[in-house]
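Model the full structure from these sequences, guided by the hints.
Top to bottom, those sequences are chains A and B.
Here the first sequence is numbered in the numbering used here, starting from -19 and rising by one per residue.
Here the second sequence is numbered in the numbering used here, starting from 182 and rising by one per residue.
Please keep in mind that the hints were generated in silico from the structure rather than gathered at the bench.
Nothing here was measured: the structure is a model prediction, and the numbers come from that model.
Ideal Cβ positions, reconstructed from N, Cα and C, are used throughout, including at glycine.
Some clues are possibly wrong.
[Unchecked claim] Derived lysine to aspartate or glutamate pairs resembling DMTMM-like cross-links, with alpha carbons at most 20 Å apart:
| hint | chain 1 | residue 1 | chain 2 | residue 2 |
| --- | --- | --- | --- | --- |
| 1 | A | Lys94 | B | Asp207 |
| 2 | A | Lys81 | A | Glu38 |
| 3 | A | Lys165 | A | Asp176 |
| 4 | A | Lys263 | A | Asp232 |
| 5 | A | Lys165 | A | Asp79 |
| 6 | A | Lys290 | A | Asp346 |
| 7 | A | Lys94 | B | Glu224 |
| 8 | A | Lys94 | B | Asp239 |
| 9 | B | Lys264 | A | Asp189 |
| 10 | A | Lys263 | A | Glu307 |
| 11 | A | Lys167 | A | Asp207 |
| 12 | A | Lys167 | A | Asp233 |
| 13 | B | Lys264 | B | Asp207 |
| 14 | A | Lys228 | A | Glu198 |
| 15 | A | Lys94 | B | Glu225 |
[As the list claims (entries may be wrong)] Selected chain B positions facing chain A (in silico; Cβ < 8 Å):
| hint | residue |
| --- | --- |
| 16 | Ser235 |
| 17 | Pro242 |
| 18 | Gly280 |
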Amino acid sequence: MTTRTTLLGCLIGLTQLIGIAPTVSAASGLQLSGFGTAALISLDQDDVFFNHPSKQRERQRNEWISASDTLLGIQGSLSLRSDTEVTVQVIVEENYQNDVKPRLAWAFVRHDLKPNLTVRAGRLRTPFFMHSDSLNINFAHPWVRPPVEVYGLNPVSDLDGIDMLYRTQLGGFNVEVQPYFGYGKVKFPDGSANLDHTGGISINMSRGDLRVQFGHGEGGFDLHYGDPIYLGTRDYLFATGRADVVAKLSGDDGHTSFSAIGFQWDHNAYQLSGELARRRADKFLANAYAWYLSAAYQAGSFAPFVVLAKQNASSQLVPANGDPVLEGYLASRSSNQESLALGVRWDAAPNKAIKLQWTRNWVENDAWGAFFPTSDPTVSNPSGTRIDMLNLSLDFVF
Amino acid sequence: MKMRHIFAIAVLAASATFASDEAMADIVLVTAGDGPIAQISREEAEQLYLGRLSALRDGTPVRLLDLPAGEIRDDFYLRLLGKNSIQTRAYWSRMVFTGRARPPREVADETELRALMTRDPNLIGYIAEGAQTSDLRVLLRLPR
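Set out below in structure tokens:
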């Protein structure tokens, strides 16, 4: 049995217990809860695998289980006083080394300065986009996962630092203002990325059926690659006297910013939502923008949905000038693609949702999109291909 | 494993369709009759059950109770917040797992709700109006 099969087995076994699991231990002030997703995947091509751009990993070893989507989260909250509590959330999922190991997704102390003003310090999440901080909480979304086109723009989801949540009302809107500051890092196969002294603000406004979100964050960042494609490209560029280009591809002291505007409209049985996001960087990453539009209709416990999404580079990281080696390298770092997804969410029980989603992906000619080649990328890679993906997932909370 | 799981889900889905038929009455937001919570505005009640407030505007801490999944609970959220049960659960899963709010404590039934309120005067909860007794204070009425 592979590691992944075991993980899925644990998830399914655990969901059987949900109905009877005690979630509250009021006497001690300790509250345990959790969530998870068990997902299957099928692609219409066998020379690529799905590689969520913000959850990069090695080639999956089990071709049916979607390692990018399958996860289990356990959260414990302990009240220290009526206005202060500690929250720790551990996520168990396959990591960049193909190991299934727990990692801290959240770990913070929260203190209510006023009934409507909260300060939190510790491990938080970068709230650049509308669903950034609930990226793993698939039960909260209509889809199998938030669209990769937008959510793949930012590879670093952890933020070690401080934030504030200020809730007020303005012109009939419930407003939540969230300033934040911190540091983040992520590892991926043969590489790593860091966000340094990164700060920003996220503003969430809701009124009746409408929710609108604005976000902007920026900071320093480092990006280090050590994979064979990068190393080969680097050696080739050095050998051809282009050290200035190498300095643009990987290293320290870059600057990046993320801006986004999003909306969600829940009107009776209809839900419309969309987001427009932009990433800018002075080196290492191309400037890019992305958007999605989603529509869902709730019919009893079934909610069919459709999503259209696109990510596009607004400028090239470095001009390739027809150099095939550099062109190939840049494509391997770009997740530009378009997709159309059709699916249905079935709320089978109060705390379980089953989703079936078909996604047609059009990967740009100069990109790999949300996919990696399974073998030698010079022979076959996702650039310019159309890839159909089918997902079946079970989301649960307890 | 797979088939058993599908079967379990089918059973759960079927049992959910046989809910009680009590929610024809008004739903009332209540607290302990001798507790410190004298009144709650509708706006405060909304903010509390949206997880956006953890205390009243005057600073009185409030802890929330929920009835188990069913018609009264679904009706309460629909009347107070205009959200159906599926929207409510999706909303609250986001609030809880992004560290924004603690979910209301779920009681087994109205009897447990009343018992807890006699022990903790900062609790509020909701019941279908009917068999009310003098030990509870009605804070807000949500008509059909």
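Each hint tested on the structure:
| no. | hint | in the structure |
| --- | --- | --- |
| 1 | A/Lys94 with B/Asp207 | violated (33 Å) |
| 2 | A/Lys81 with A/Glu38 | holds (15 Å) |
| 3 | A/Lys165 with A/Asp176 | holds (9 Å) |
| 4 | A/Lys263 with A/Asp232 | holds (10 Å) |
| 5 | A/Lys165 with A/Asp79 | holds (18 Å) |
| 6 | A/Lys290 with A/Asp346 | holds (14 Å) |
| 7 | A/Lys94 with B/Glu224 | holds (17 Å) |
| 8 | A/Lys94 with B/Asp239 | holds (10 Å) |
| 9 | B/Lys264 with A/Asp189 | holds (9 Å) |
| 10 | A/Lys263 with A/Glu307 | holds (16 Å) |
| 11 | A/Lys167 with A/Asp207 | holds (12 Å) |
| 12 | A/Lys167 with A/Asp233 | holds (17 Å) |
| 13 | B/Lys264 with B/Asp207 | holds (17 Å) |
| 14 | A/Lys228 with A/Glu198 | holds (19 Å) |
| 15 | A/Lys94 with B/Glu225 | holds (15 Å) |
| 16 | Ser235 | holds (6 Å) |
| 17 | Pro242 | holds (5 Å) |
| 18 | Gly280 | holds (5 Å) |
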